[in-house]
Amino acid sequence: MKLANKKMAVLTAASLVISSAVVVGATSTANASKHVKVLNFYHDKNGWDARFNAVSAGLKDGIGVTLKPSTYADTTLYQNTLNQATKTGKGPDLLTWWSGYRMVDGAKGGMFADISDVWKDAIAKGDVSKDLQKQFMVGTKTYAIPNGVSYWPMFYNKKKFAEWGLTVPKTWAEFEAVCAAIKAKGVTPLTASVDGAWPSFIWFEQLLISQDPKLYLDLTSNKIKYTDPKVVEVFNIWKGMIDKGWFTAGDTSFFGEEAVKLMNKGTMIPVGTWNNSAFSDGGGLVGGKDYDAFVIPNINPALTSQSIIVEAGAIGALAKGKNLAQSKKALREWLKFPVQAIWADASGDGVPNPKVPVADPVIKGLSKYVAANKVNQIQRYWESGPVPLIEGGVVILSAFMLGTKTVAQATTELAALADKEWAVWTKKYGK
Amino acid sequence: MSNKVEQSNRLRTKSSQPIWLKLKRNNKNQMRKTGASTYFFFIPAIICVLAILVYPIGKTLYLSFTDSEGLLPPVFIGLQNYQNFLVDPILRATLTNVLIWTVATLVLPVFIGLIIATVVSGVKGSAIYRMIFLLPYVLSGVAVGALWFNIFETEGLLNKFLVSIGLEGFVNSWLLYYPQNTISMIIAATWASTGLVVVLFTVGIQNVPLQTVEAATIDGANSWVLFWKIIWPQLKYIRAVVIGTSLANSLRTFDIVWVMTGGGPARNSETLAVTMYREAFLLNRYGYGSAIAVFLMVLVVAVSVLSLRGGLKKEATL
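These protein sequences, in sequence, are chains A and B.
Be aware that the first sequence starts at 1, since it is given in our numbering, and climbs by one per residue.
Be aware that the second sequence starts at 1, since it is given in our numbering, and climbs by one per residue.
Honestly, the hints are just simulated from the structure, not real lab data.
A few of these clues could be false.
Claimed, not checked - Derived lysine-lysine pairs resembling BS3-like cross-links, with alpha carbons at most 30 Å apart:
id: 1; chain 1: A; residue 1: Lys244; chain 2: B; residue 2: Lys160
id: 2; chain 1: A; residue 1: Lys368; chain 2: A; residue 2: Lys214
id: 3; chain 1: A; residue 1: Lys185; chain 2: B; residue 2: Lys160
id: 4; chain 1: B; residue 1: Lys59; chain 2: A; residue 2: Lys428
Keep in mind the model is a prediction, meaning the values are calculated, not measured.
Could you put the whole structure together from the sequences, leaning on the hints where they help?
So this is what it looks like as structure tokens:
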């Protein structure tokens, strides 16, 4: 009986310990779920909520933080909302923005929190390349992480190419021959647009880097003028292509369904790889089979390597945000393998974390080509100069594309605008 | 004349004092009696006016004298923004567009609206017609812009229709070149705004006393004479309102332009409101944008006041 009592006492004690442990465990789980922070996340990327929700799930698994994405359909409104939020601190915890020159006003004006420590740790752990950091730096501080890394190749319809007996061009002459052949089939070979003005820089930057990447870099850093004979030569090449009727109408849209329609016709589309999912998910086309992408060949045959435009969108933390510590933690987590893998899967695009294997066949092929051929990766025109210069520049480029300004008018006006806006910039921020 | 005397007599009391004067005196006496409590009830209204009207205008005026760019503290620069705007090459293009918009959106909706109102008001089931014409008016400018963009874009419905009826030669990039892009947008705006004009004119026509129409008919007036001599003069009040609102709306045209062309290509379809928006919100030049906003505000107020005063004055002299 005593033994029985003793056993009973031990069992009771054990059950008490176990149940206490269960209760403590349950309590701590309940506490953890109570402490899941919801971070307000503002962005202007229409149709990307699914991607951000996927990231949110990854962040929840990693650090118990979720995102509440809010989409702004109008970019101008978005920017102004964040300007107001910068002053009041009322608004998002995390936000998307643009890298390069477009970050400077926000960084100097107190919009973004300094996240240099996030980068330091991420670089040390091999989650991101140091080369990429400079696109998000203003002075010595870093203010954002990359929101994916997108190449700007030429997307083309692989089946149509096969049907028309065309192959991916390796030289400019071959590229011109491909364009001429597509035109002969009654299809406009190349997508171009001035819809919203900004797409006018696509062909401008592309032709410049195909002619000479140094020319592009010198021009965008104000070392040479837009009236430089080499720049004028590029404009003349562009004009020749316009005159041949190789470009689509100026109000062509190349996003979503419209991109798929163009692709199905056989028109080639120079666009960021962030638009890849429009073909694969939205259009139901199979990457690598129905469509693919190639690096546009050099115009100048003397160049030893090709160049491609790279766009790295930015995600930063609002400096006056209520949950700054959590926001920085989330940004660090965002760069880690699990979340980056989720992003790669959800977006079908490239990611900055080199540990993440690229699954999408088009992006995989492109990344392989870029690495194998040591293709120069060059920052987009949109992020490569003071905002008023770029915004004013695309207006002039649009007029040139529509034929309402000649080469001489366009280059002269661009040069005058650059002189004016660089002077303003230098006065404001120094060189 | 006799009508006016009769009306005036009706407004007089037995003590031969105009009723409005008596009411005014009564109000003054009432105010003296109630004192502070009366003014107390004005406070919410005053706060609303200050917050919604006076503060934004005052702030815009203040910003127009600064170099405000949004994030950094603004620096006072006097009249520099106004001087810059007056020599800005875009000013000429913008004002030309505003003039085209003003003339076109004044003439077209008023003219078309008047014709429709006149024709429809005598027809059986006119309320249904009026409702049909009013439908576009209830759409937002953004929706109207999006709808007409799909019609006028190069791959749009209009060009497809032209091709389908064998008129390939007329296919055009309607929104890409000037001035056809502005004309296209004016067509969209006319479609959207005519409905309200129809309703207003219909109300005016319905208020024309039947006796005068019957008397003129008995005197042998045909439809033309009936319209110009009897109905048209009695639409003066409505006309003044329609013209006044059309003028103000055309001067501040923004949403349709922003949606259909964004003021482009190459800024050639910008209106003053679009230029203001672009400078203030796209380029973050709040100071410069504010100066344009003040310029636009002065223009709209001046033109509206002149138009309404002119329209109503003519009425008073009749």
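Given pair status - A/Lys428, B/Lys59, alpha carbons within 30 Å: Holds. B/Lys59 to A/Lys428 sits at ~24 Å (cutoff 30 Å).
Given hint A/Lys214 paired with A/Lys368 - CA-CA distance at most 30 Å: holds, 24 Å
Pairwise hint evaluation, B/Lys160 against A/Lys185, where the allowed Cα distance is 30 Å at most: holds, 21 Å
Distance restraint between A/Lys244 and B/Lys160, which requires alpha-carbon spacing of 30 Å or less: holds, 24 Å
Of the numbered hints stated above, none is contradicted by the structure.
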